[in-house]
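Dock chain to chain to rebuild the complex, using the hints, since each chain is given by itself in its own frame.
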Amino acid sequence: MLDNYKKKYHKHNFQYILIDDYGNVIESDDTLFFIKRHCKIQNIHPFFEILENLNIIKNECFEFSCIHIEFKTNTFITDITIYSEKSNENLIVIEDLTKHYNNYQLTAQTRNESIINSQVLELKNEYLLEKEAFKNNFIANFSHQLRNPITASIIFSELLIDSDLSSDQKNYINIIKSANRDLKNRIEDVLDLSKIESGKLILVDKVFSLEELLNELIEAYKHLITKKNLEFNYILDPKLPEYLNGDSYRLKQIVGNLLDNAIKFTKKGSINLSVSLNYERANKANIQIAVSDTGIGIHPENHELIFVRFKKFPSVIENNNGIGLGLSIVRYLVLKMNGNINVESEVNGGSKFTCNISFKLTRYNKSLKNKLVEDLKGNLASKQSILLVENAELIQLSVLKIIANEGGFYLNIITNGNDVVPHIINHNVDLILLSNTIEGFSAMDITTSIRNLSKEYRKTPIVVISSEVFKEDLKRFKQAGANAILPKPFDKKSLLEKIYKYVK
Amino acid sequence: MITSKKIVLIGHFGVGKTSLIRRFVENTFSEDYKVTIGVHISKKTIEISDNKTSVSLVIWDLEGQDDIKKTRTSYLLGTHGFIYVFDLSRPETFKNLKSELSFLSENYKNIPVKVVGNKVDLVNKAYLTQHTGTFKPLVEFFVSAKTGSRVESLFSKLARELF
Ligand SMILES: Nc1nc2c(ncn2[C@@H]2O[C@H](COP(=O)(O)OP(=O)(O)O)[C@@H](O)[C@H]2O)c(=O)[nH]1
Ligand SMILES: [Mg+2]
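If you read the protein sequences in the order shown, they are chains U and R. Heads up: the first sequence begins at 45 in the working numbering, then just goes up one per residue. Heads up: the second sequence begins at 22 in the working numbering, then just goes up one per residue.
In isolation and in its complexed conformation, chain R is listed as follows (with noise of 0.2 Å):
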């Protein structure tokens, strides 16, 4: 039997968790916002590619806050590895980085995280050095829903991790 994981995508509301997971099961993208409630789950067999088995991952798309600690907690429950997505465009949504990721890490004690910094299209260089200059060491990918850059690589990396 193909052993499955679960994955966790949390983050600001808009930035793109939904386009991202449709992106990586459908590879689909539409410009337009539909406001996710509750939870979203979808699965998908992706192969890791060193030692040819087939894994599934099963992908909680839960409903965006702009507070880590309103999540419910029930949708937490047994997660393998989390991917915590921001809006490159929208500061709001990085503000509080540090201060979301630590209560992660606090509360959910060696479950990898893949911090994601979303819409990198519609961003320049100078925009992103100026913008994320002080934790972009934390942020482990810059990918794109719409242009679908980096998202494959984002979910495998994720993957090869947990199995």
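Bound-form chain U, shown alone (with noise of 0.2 Å):
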């Protein structure tokens, strides 16, 4: 009974083959494919080639599974099994699956497909993250390079002004001190940016006077304004309270960013600043600062294009200057500070550029108030030694001269780290300006050494001239025992600030 079935329902999928030890085709079945007799099996797929390595061992089975035969137009994907009977005659057995592999073929395809696809991804991040990286070091490094030339550049500029010039030389050095601010401006743009990308930008909290902070950038304006041509209108608000928490360089950059725009984009009129109070609420102020002018505007179309970095307009590429990073800068320091910035602007009607930031409120108090180079002149009593610790010459320079300039002190400048605190036992020292790129030694650990030493000479104070600029690093060196940072590059009214505030 079962035979008949068996007849019936037998699964035409299995060839047999048998051939001798050469591979001559002796007999087939021909189920799957037609084999001519007496031919070279090996002639017939490259599969079987392999039985030149079998025919040597005899009464022994081989199994192949998966094997994709070629047969004329078809494929095959098999099992194959190799008997090797009696010399010179040998069984091929060939199971066609290709329906089953197919199938399989299917959940193989999917699965590597989607590791692979991973991997790529993996490594794609890991790769943008390494260039992320470089970039960001890069521009750290480079900025950092070029604050050593820039001071020097900034000081002596400064320096020749007050000098007895030609109003032409006056004019020419005027030139080179406002391209230095520029390319001040720029290298702490492109800092900020990395600083941005790399998520080291960090608000500080502290108090300050607005007050002060609006007439200091007014002041500053005020000249750069009135060079152009152009007309600067102030209004401060009354109501506006004198003293907020928050930070105040960064209030002062957006400020500064969307003033230094203003002129930048304009030829003629007027440059306006209005900063007022919106409300004030639950200890905090909103303040709205809003900045116009009346230059070349900006199609509403690019509108939200200006905040975009590296961004460049028609009408802009005229007078060859990017709006570069500033905007993107100011956007994101005032999102930061949880504020709005907006834009309303007209092909030649102008810009106004409005952004609303709020500021905890703080206790009016007055000796936050800070003195003023010529209050705290009047001071000094003697004249006050000052050590330079630095061996970049652009600087010692720098230094000497705006201290030589000043009268009321001598300098003594070391070049080697070993000499500090020999030198400051064995000599008067009222301050210390201490750099922090003396090749192979740090500031931090020449500062430390001096705290440590004993009662008379570990008070002294101590200034970093520092080409870091990260908070951490900046806060490293305060933990270190420094009195204070000066941060490079620095013109001569910081330095002297420094110096008049830390001398007894």
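None of these hints come from the bench; they were simulated from the model. One or more of the hints may lead you astray.
Stated by the list, open to error - What follows is a list of derived Cβ distance ranges for each label pair:
no., chain 1, residue 1, chain 2, residue 2, range
1, U, Ser158, R, Glu68, 37 to 47 Å
2, U, Ala177, R, Asn131, 38 to 48 Å
3, R, Lys55, U, Phe58, 34 to 44 Å
4, R, Arg181, U, Ile159, 34 to 44 Å
5, U, Asn97, R, Lys90, 15 to 25 Å
Remember, it's a predicted structure, so these values are computed and weren't measured experimentally. Think of the CB as a built atom: it goes at the ideal place given N, C-alpha and C, for glycine as much as any other residue.
Okay, here's the thing in structure tokens:
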């Protein structure tokens, strides 16, 4: 009975082939494909070349699974078993499993593709991160290297202005000065951007005088704006709180950047700054800063784009000055302060940038007021001795010139970190200006070793002249015992302010 | 009669084993990836330039494995030469290169192995130095099935060593 069923339902997916030891076909049932008798089976398909390695061993069975056999236009995916029976008789059994293996192929396809995709993605991501880190490091290092030459350039042009010059020469120096200022700002911008991208831009929360900040800005820009024969109007709301809590440096940067842009894109007319109080609520003051100009304006289509890095527009290219990084940084800062910024502008209709930012209110405290250099100066009783530790000649020369012009100080210069402590012990030193770029020495270590001296020496004030500008670095200096940091590039005023503040 | 030798390509899936064979045998290339299951066998007769003799290479294209030990041993029976392929653009495919190679040399003594980094068209010099630094000396060929670069010389060098 079973035999009948077996015959009826026999699966025709096996082919039996008998060959001799050389691979000549003796018999075949041709179920799957027709094979000519007496031909070499190796000529049917190169798989069978394997026989050359097998026919020495008799009474064995070799199994091969999932072998693709291309025959004429068909491809069979098969399991092949080779039985090497007696001398000159070998049986080949080919089982056609094409359907079964095709299903397996589909599963393998999906599995492999998804594994490969995730590996490629992972690598791309790693690669991008590496590139990113390289870029940020490169920017930080590069701008670091520019600090000494720019400092020297700023200071010497300032010194030149104070010397006897013809009015032509004075003009040239003013041009150099303004170029220096631009250069310095661009470097700060690039550095800020790398800080933003690496998540290292951190806002400080400190009490500052809004009044002072605005007055300083107005003083600085009044000069720049009138020099371009533009009118400068500013309105400060009398209701503005005098003291606020927040990041004054960044606020100054925001307003400064907006004013810089206004100057850059305005040929005639006026530039207007208005700062007003929106409201005071829950111990916070919401301040509105508006900067408007009568310049070339921006097409409404581009209102969003101007906040994107390195965008330029045809109307802007004309005077060869990109908007650059400034506005993208401004927007980042405003948003980071939980504020908002918008622009209203038409082509040839001027532009108006408005930002609203909240600051924590703080109680009025008179002692916070920074004394001006002039006030500080009067207090010096006798000539003070300053020690400069620095091996960059440009910076040595810059400090020397400023201090010599100022009078009232002795300056000693040391270039080797090892000589600092002995010098302090053997000489009277009122203030140390310590560079953090002395080859082979860390300003941190020198500061620590000074702070570890005996009582009479360890109190000497230390101002670190630093080209490190990341917050963590500055914090580390302070922790090591430095009194203040003077960031490079510095100018005459900021150097003198630090000196007067810390000498007794 | 032309003598033939069995060459087996092994390595992870997707590294380009099938593509290298297609480039060598048919001189074609496709961006599409079709997973090889089991084994495909193809044959190509070449001339070994020095003595003008024709020889046949029977090339076994194996299903890719992320671990060489998973390869069915019956496939490797009678192998004369190995080509171990990895994908330069996917470090995952060469992170165990050293142990895979020592597995081969322990179990298939005296059978030559050519170690091949494929898809060289996708990576640049800096990447190569950075990612292949430690095992670069082991790699004999940097090839591309896509551009065909060094594919011919890979096979003919192996052939010359076998005949
Ligand atoms: N760019 C590039 N892609 C390649 C190269 N070789 C193979 N590929 C691609 O890589 C994928 C996998 O190739 P395949 O030969 O099937 O790999 P196998 O699994 O090792 O046989 C396919 O999409 C190919 O088009 C190459 O040299 N360069
Ligand atoms: Mg394949």
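Okay, the hints, checked on the actual structure:
no.	hint	result
1	U:Ser158 / R:Glu68: 37 to 47 Å	holds (43 Å)
2	U:Ala177 / R:Asn131: 38 to 48 Å	holds (47 Å)
3	R:Lys55 / U:Phe58: 34 to 44 Å	violated (27 Å)
4	R:Arg181 / U:Ile159: 34 to 44 Å	holds (36 Å)
5	U:Asn97 / R:Lys90: 15 to 25 Å	holds (22 Å)
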